[in-house]
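Student: For any residue, its number in this note's numbering is found by taking its place in the sequence shown, counting from 1, and adding 6.
Since the hints were made in silico from the structure, they are not lab data.
Just so it is clear, CB atoms sit at the ideal spot from N, CA and C, and this is done for glycine as well.
Check each hint, because a few of them may be wrong.
Computed cross-link-like contacts, BS3-like style, restricted to lysine-lysine with a CA-CA straight-line distance of at most 30 angstroms [to be verified]:
| id | residue 1 | residue 2 |
| --- | --- | --- |
| 1 | Lys92 | Lys137 |
| 2 | Lys92 | Lys156 |
| 3 | Lys92 | Lys154 |
| 4 | Lys92 | Lys119 |
| 5 | Lys25 | Lys137 |
| 6 | Lys137 | Lys156 |
| 7 | Lys267 | Lys92 |
| 8 | Lys194 | Lys154 |
| 9 | Lys119 | Lys156 |
| 10 | Lys194 | Lys156 |
| 11 | Lys137 | Lys194 |
| 12 | Lys119 | Lys154 |
| 13 | Lys25 | Lys119 |
| 14 | Lys25 | Lys92 |
For each label pair, taking beta carbons as the anchor points, the in silico distance ranges come out as [said to hold, decoys possible]:
| id | residue 1 | residue 2 | range |
| --- | --- | --- | --- |
| 15 | Thr375 | Thr147 | 31 to 39 angstroms |
| 16 | Val379 | Ala357 | 40 to 48 angstroms |
| 17 | Ser112 | Glu239 | 18 to 26 angstroms |
| 18 | Glu118 | Glu97 | 20 to 28 angstroms |
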Amino acid sequence: MKFGVPAIRLSLASIARHKSRSLLTVLGILIGVAAVVMVTALSQAASSKVGGQIDSFAANALFVSPRPIQQRGVRRGGRLTDGDAKAIAREASSVVAAAPFLQTFSHIVRGEKNAATTIVGTTLPYFEVRKFEVERGQLWTESDELLKTKVCLVGSVVVRRLFAPTEDPVGQIIRIGRAPYRIIGVMKERGTSLFGEDQDDRVVMPIGSYRARVSVTWQGRADMIMASARSEEVTDRAIAQVAAILRQRHRLPDGADDDFKVGSQAELRRAERGISGALSALLLGVAAVSLIVGGVGVMNIMLVSVSERTREIGIRMSIGARRDDILSQFLVEAVVLSLGGGVLGLLLGTACALGLGFALDWPVVPTLTSMLVALGTSAAIGITFGFLPARRASTLDPIEALRTE
């Protein structure tokens, strides 16, 4: 079987003579390859994006949230307190810090400008757990927490809404509700979190000041407790210690369900990998079906081509062409068409992936490996689905072929 220059030249000439048929052949492969390239690039980008959002927490971060339970047939909501956070920090040997956390949505005002934003009340360990850093200014002190001082830190989005580019917000006064608060720091930009919140569109203040002036709540209650294990390796031990401390503090009898839930960044990462892997497999399966359909299209159109060119095949055989020459001509033609569709699909899929990545703000970076796999798959489809039509052409009887009109 010869796959040299003559076979390629004959294949290209045939493709040029039958432009419409060739276009239909290429189209199926083009769509399939574009789908594979786009799905691969977007799934990697989505995994990278979500992974980056998960990493916005410390690697050893723990999250404790209240959970409603059934007690004696009555559904009772869970409750977390500042005391729970202090007990976790004090008694759990695998935990280095814990911070209660409260959050609401409110309007803030500076002069004639105002904005609606997230207001967070917490304690100093919150910044360690969430990996928030101060770009300008400073954090508040423990004295500010005890005295419920009216100070706060703001995110970059809040700064852009309330201040001119040349203004320094540190030391300025904003009003939250009716209370004036002095800005003592601006936090570094973080972007969107895993839960879809803009981490830069927020005001963070001491939890006592929050309770006294922003949102009057039951004293000591917390929406959530955020904590840090001593290291990523002892995270499971820290979770067990936190659960034991809270069950004792909440006086839960043996066998009773927890009225809280303890999660970790490691669990979020495992869940992200599982979901990402399952979704990628599903989408790649759909793309693979598209490629198979494209391959079937190649085979059908090549079979039609063999039927239409039966007399041509007979003439070539009568002047000395061997069966291997006929086989190689049609097989090369199928591979050229498939590779052409693969190249066009690669360009289309990459362009679509980059466009969607730009629109969604995802870090789409098509890899060389995925491109080579796409082109290799195209060639394999051409060989696999082009072999039957090529073999049928090569096994034609020259005399019968010449009789065909």
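Student: Would you mind marking each hint as holding or not holding in the structure?
Tutor: Here's how the hints hold up against the structure:
no.: 1; hint: Lys92 - Lys137; result: 20 angstroms, holds
no.: 2; hint: Lys92 - Lys156; result: 23 angstroms, holds
no.: 3; hint: Lys92 - Lys154; result: 18 angstroms, holds
no.: 4; hint: Lys92 - Lys119; result: 38 angstroms, violated
no.: 5; hint: Lys25 - Lys137; result: 60 angstroms, violated
no.: 6; hint: Lys137 - Lys156; result: 23 angstroms, holds
no.: 7; hint: Lys267 - Lys92; result: 17 angstroms, holds
no.: 8; hint: Lys194 - Lys154; result: 24 angstroms, holds
no.: 9; hint: Lys119 - Lys156; result: 20 angstroms, holds
no.: 10; hint: Lys194 - Lys156; result: 21 angstroms, holds
no.: 11; hint: Lys137 - Lys194; result: 10 angstroms, holds
no.: 12; hint: Lys119 - Lys154; result: 26 angstroms, holds
no.: 13; hint: Lys25 - Lys119; result: 64 angstroms, violated
no.: 14; hint: Lys25 - Lys92; result: 76 angstroms, violated
no.: 15; hint: Thr375 - Thr147: 31 to 39 angstroms; result: 52 angstroms, violated
no.: 16; hint: Val379 - Ala357: 40 to 48 angstroms; result: 18 angstroms, violated
no.: 17; hint: Ser112 - Glu239: 18 to 26 angstroms; result: 40 angstroms, violated
no.: 18; hint: Glu118 - Glu97: 20 to 28 angstroms; result: 50 angstroms, violated
Going through the hint list in order, the structure does not satisfy hints 4, 5, 13, 14, 15, 16, 17, 18.
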